[in-house]
Amino acid sequence: MRASLAFLLALAALAPSAAAEVRSVHTIEPRPFGYFLGDMLERTVEIETGPDDEIVQASLPRTGASNYWLELRAIAQSSARQGDGRLHTLKLTYQAFYAPIDPRKQTIPSTEITIRGPNGSETARIPPFTFIMSPLREIFPEKSGETAETFLRPDVAPQPRRSGGLRTGALIAAGLSALFLVLLARDLAWWPFHRRPARPFSRAAREIGHALAKGGADGYRAALLALHRAFDTAAGHRLLAADLDGFLTAHPEHGDTRSLVERFFSASRAVFFGDAQREGETRLPPSELKELAATLARQERAAR
Amino acid sequence: MPHDKIDAGDPAGRSDLPAWRTRAQRFETEVGKAVIGQERVIRLLTIALFSRGHVLLEGDVGVGKTTLLRAAARCVGGAYERIEGTIDLMPGDLIYHTYLADDGRPRVEEGPVLRAGENLAIFFFNEINRARPQVHSLLLRLMAERSVSAFNREFRFPHLVVFADRNRVEREETFELPAAARDRFLMEIAINTPADPETRRALAFDTRFHDGDRLIGSLEEGILEYDKLNDVARAIQSEIKTSDALERYVLSLWQAVRNPAEAGIEIDGVDTARLVAAGASPRGLSYLVRAARVAAWLDGRTMAVPEDVRAVFFETMAHRIFFEPAYEMRRETIARQLIDALFETVPVP
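For the record, the sequence lines run as chains X and R. Taking the numbering used here, the leading residue of the first sequence gets 1, the next gets one more, and so forth. Taking the numbering used here, the leading residue of the second sequence gets 1, the next gets one more, and so forth.
Just so you know, not all the hints are guaranteed correct.
What the hints assert, rightly or not - Restraint ranges, calculated between C-beta atoms of paired labels, are given here: (1) 198/X x 192/R: 34 to 40 angstroms; (2) 236/X x 16/R: 41 to 47 angstroms; (3) 281/R x 288/X: 40 to 46 angstroms; (4) 198/X x 25/R: 55 to 61 angstroms; (5) 324/R x 242/X: 28 to 34 angstroms; (6) 194/X x 202/R: 52 to 58 angstroms; (7) 328/R x 242/X: 30 to 36 angstroms; (8) 281/R x 303/X: 41 to 47 angstroms; (9) 221/R x 303/X: 18 to 24 angstroms; (10) 198/X x 178/R: 47 to 53 angstroms; (11) 331/R x 242/X: 24 to 30 angstroms; (12) 258/R x 175/X: 24 to 30 angstroms; (13) 303/X x 178/R: 27 to 33 angstroms.
Hint data in this document are derived by calculation from the structure and do not stem from the laboratory. The C-beta atom is built at its ideal place from N, Cα and C for all residues, glycine as well.
Go ahead and model the full structure; you've got the sequences and the hints to work with.
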């Protein structure tokens, strides 16, 4: 008999528990009195559960207006192991907007929170909290001889905040940004470095962009001319197609683009000296011309 | 206009330009057999022949000026006459010469210019600066108008090209060519000793070059038919296009050469604002364009490009630019620097 009872007890112990285990719910409440319109109150709820249980997030109260006078401002959550179980801590920050005309009792209603364990869930009930709110002002100030001028409290004087560190940081950051902007402008030959002799192709790439944007035969001619001037500047003299070999020997950085540069010169020859204007654009379409200028500009920057 | 007369030959026929180009290349190769290491000079000479312009060769003694011109004359074909410039040469000596015949009676015969009549293709004036100004002025007419008045009538030489040479070593007993005469030459080509050691070795040791007459005699004769050249030249001038951009380029070159300081040209030790006294005549410019077209044709193109202008500019223009006296003595170096700077400065296209 005794043996069979012990067997049954052992079975019951082995059998899986039906749900999560909420061991205790403990609240640490703020003072229950002395609240005015707009005051905040912070409640801390500690829920002790089984080791693997966790709070179902969807069951937590939502931040925002809870009812017409109460707002849940924030909810902070943490959990830590405690002994053989787990302690979940919730910090609920409320703000009360009730404007009572006499000291009055208000209640934050109770909430239920679902705890999920490995085999099911259970609810933990956060109890209601009752506190007393008081009025801020007299109900009939006229009776005590107050006027509109004396009745209104003066504004709170603004508190100067120390911003020295932030200001210094901002100034340093702005200074560095300006310096880097100048360096970048110099490297990319932006204004005011746009006439920098060492960056003729960067300048040409920009001018070609403008010229091609205009479109038409004139735009294409202007774009070709811009690149010719860049070659002239880079070579230090006027560069004809026949001088290309010498130029590429003196500027090996542009050696990779030789075939495209040759096509540029042949297109330019067709446009300016041939009688077929359109032929140039088929030999070197505007998009490729633009790309060539960009490539040359890049090589030029990389070389120095 | 002088070049109207140059063109006054047979009525313009359709000339087969590609075939003529092959022929021009053959001409260059053939002349190159006699004169080695002077490819550029031969190319310029070919350009001059197809531009129907006269050529003045200039260089040291013994660099092959005469050989080159004789070789070219043989390969062009047609009648060829030459005369040596001397201090006592008079214009009449070119036109006629007088002598006592066997029968003891005086005779007057046609001189070298008239002897071949209309077939005269090349007249070669050796050492032109040794002849007197009187001779130069006869030559002036012969070059400009391709005609001469003699024996109360006018002789015309429609196929004539004048080759002249001049050595630049001596200045004693020489007469500097007047500006007008120099301006009538299409090109003034300077010949230098080849710098290539292999060519120099061949010139000194290869027996082929020891006997000038045999060397010239071994060349193929009349590769270019002299009486067709006028038509071909006309065809080249009408076939090879010069675009607006090229015209602008040539005009800015012209402007810059007349006024180098304004074009921003600077030469060491030279005040470019006071360098050029005169020159670069309109005739010179038209010669330049003609020569550039021929250069383009020889390169197998149908349009002239700035490279063609550059290839012939020095030879066609340098002798037409006249410097202020202070710089005239250093003309060779300054002219070279000026023209180099010109092509480095004037924007293309």
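Results of checking the hints against the structure:
1. In this structure the hint that residue 198/X and residue 192/R lie 34 to 40 angstroms apart at CB holds, the actual value being about 38 angstroms.
2. The beta-carbon spacing between residue 236/X and residue 16/R, approximately 44 angstroms, falls within the hinted interval of 41 to 47 angstroms.
3. As the Cβ distance of residue 281/R to residue 288/X is approximately 44 angstroms, the hint placing it in 40 to 46 angstroms holds.
4. Taking 55 to 61 angstroms as the suggested C-beta distance range, the pair residue 198/X and residue 25/R does not conform, at roughly 45 angstroms.
5. Distance hint check: the CB atoms of residue 324/R and residue 242/X are about 33 angstroms apart, consistent with the given range 28 to 34 angstroms.
6. At about 56 angstroms, the CB distance of residue 194/X to residue 202/R agrees with the hint of 52 to 58 angstroms.
7. The hinted range of 30 to 36 angstroms is satisfied by residue 328/R and residue 242/X, whose Cβ atoms lie roughly 32 angstroms apart.
8. A hinted range of 41 to 47 angstroms holds for the C-beta pair residue 281/R and residue 303/X, which are about 46 angstroms apart.
9. About 57 angstroms separates the C-beta atoms of residue 221/R and residue 303/X, a value inconsistent with the hinted range of 18 to 24 angstroms.
10. For the hinted restraint 47 to 53 angstroms between residue 198/X and residue 178/R, the CB-CB distance of approximately 50 angstroms keeps it satisfied.
11. The hinted window of 24 to 30 angstroms between residue 331/R and residue 242/X holds, with their beta carbons roughly 27 angstroms apart.
12. Residue 258/R and residue 175/X have their C-beta atoms about 55 angstroms apart, which leaves the hinted 24 to 30 angstroms range violated.
13. The hinted window of 27 to 33 angstroms between residue 303/X and residue 178/R is violated, with their beta carbons roughly 54 angstroms apart.
Hints 4, 9, 12 and 13 from the earlier list are contradicted by this structure; the remaining hints agree with it.
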